[in-house]
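One letter stands for each residue in the lines below.
There are 2 protein chains.
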Amino acid sequence: MPRRKEKRTHQDLSTIFDMIEYPDAFRITYLANAVVFPTYDTIKKDFGLIRAEYVLLACLSHYDVLTAQDVSRISGRPRNTVGRAVHRMLDEGYLARTPDAKDGRQATLRITPEGRALHEKIAAYLKERQENVLSALSAKERHTLSQLLKKAALDVASKDS
Amino acid sequence: MPRRKEKRTHQDLSTIFDMIEYPDAFRITYLANAVVFPTYDTIKKDFGLIRAEYVLLACLSHYDVLTAQDVSRISGRPRNTVGRAVHRMLDEGYLARTPDAKDGRQATLRITPEGRALHEKIAAYLKERQENVLSALSAKERHTLSQLLKKAALDVASKDS
DNA sequence: GCATTATTGTACCATTTGGAACAACTTGAA
DNA sequence: TTCAAGTTGTTCCAAATGGTACAATAATGC
Chain A
58 MPRRKEKRTH QDLSTIFDMI EYPDAFRITY LANAVVFPTY DTIKKDFGLI
108 RAEYVLLACL SHYDVLTAQD VSRISGRPRN TVGRAVHRML DEGYLARTPD
158 AKDGRQATLR ITPEGRALHE KIAAYLKERQ ENVLSALSAK ERHTLSQLLK
208 KAALDVASKD S
Chain B
58 MPRRKEKRTH QDLSTIFDMI EYPDAFRITY LANAVVFPTY DTIKKDFGLI
108 RAEYVLLACL SHYDVLTAQD VSRISGRPRN TVGRAVHRML DEGYLARTPD
158 AKDGRQATLR ITPEGRALHE KIAAYLKERQ ENVLSALSAK ERHTLSQLLK
208 KAALDVASKD S
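Protein chains in written order, with this note's numbering: chain A, 58 to 218; chain B, 58 to 218.
Possibly wrong hints are sitting among the right ones.
It does not matter which identical chain is meant; a pair holds if it fits inside one copy or across any two.
Said to hold, decoys possible - For lysine to aspartate or glutamate, the following DMTMM-like pairs were computed, each having C-alpha atoms within a straight-line distance of at most 20 Å:
hint, residue 1, residue 2
1, K208, E198
2, K184, D160
3, K207, E188
4, K207, E78
5, K102, D160
6, K207, D160
7, K102, D212
8, K102, E171
9, K101, D121
10, K101, D212
None of these hints come from the bench; they were simulated from the model.
Since this is a predicted model, take the numbers as computed values, not measurements.
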């Protein structure tokens, strides 16, 4: 175990990478914390969307029509969080809501052109960020990592129904 | 793009896995969201620690002596969050604080045997969870993934100094 | 030595978050 | 048909989070 000599920095993490009892989970978490959440901060600052709002936008940009409940189920976030995001995005004009004629409880949501344009800007930013994060890997390594992550993620997705 | 026919579920994510503009970042985020954060919820429920408190415990279980500021730098969390966790963990007896004789501003923190015992229990739980998440991969795939994640994570860690 | 600047830990506050309960509506069974 | 149970969207509330500012102490420059 490292003994204290001088100021600890973020770099000291490298020793934990090997000492930790659950190295893979830790590395995944580390990448997510170091990359994804600062990214959400940037999205909030530069694009004015909080996380729940961007999740909603991303869902609607990949599905044609969804209800708020669908978004909740797909994204795994609670209904009230999604509901708040829906109202905010309606006010901003990034999505449109149509009451369902057949079911008076629910309303169908669609993304507007403005919403799609916003999502494209944010997606481009996220992609750039992804490239930066994985720039240490070769093309072949990138491909391998991508496949392994997909395999693991799909397995997880299949487990919690 | 999928058109609406019936209820969307969490499983619909599998289509997004390929459609998304930043597939690797998305998969990493997905694994972190599906695995790590529910895990934090479990840690809170079963062990009574919030995330900041567990981060503190994990840091102190891998370094001999740290100040609150060290923990903040290593973990990347703000000082006030760490400070709150320190007081809570002191009250619970999971760590000990000694005022620094040389620097009146700071105090050195150490984990207590109780804290170490708690961390071992939580670490065992996290390890089990990790195994469950990666169970779809073969031993060889696990090893490859582990190496690639380490390479990417260390590169990221080296970038933000 | 003295004044300015930097650092540590803390307090305050606004924001985000999600659990629980609720009303409106639909579905299913008797 | 009618009533119980389930679903959708919303409101309310408590908890966690992190930015900002602050007091105390240390380090630096003159």
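Hint check:
no.	hint	result
1	K208 - E198	both (15 Å within a copy, 10 Å between copies)
2	K184 - D160	neither (38 Å within a copy, 45 Å between copies)
3	K207 - E188	both (17 Å within a copy, 16 Å between copies)
4	K207 - E78	between (24 Å within a copy, 14 Å between copies)
5	K102 - D160	neither (38 Å within a copy, 37 Å between copies)
6	K207 - D160	neither (36 Å within a copy, 50 Å between copies)
7	K102 - D212	neither (34 Å within a copy, 26 Å between copies)
8	K102 - E171	within (19 Å within a copy, 42 Å between copies)
9	K101 - D121	neither (25 Å within a copy, 37 Å between copies)
10	K101 - D212	neither (31 Å within a copy, 26 Å between copies)
Of the hints listed earlier, those the structure fails to meet are numbers 2, 5, 6, 7, 9 and 10, in rising order.
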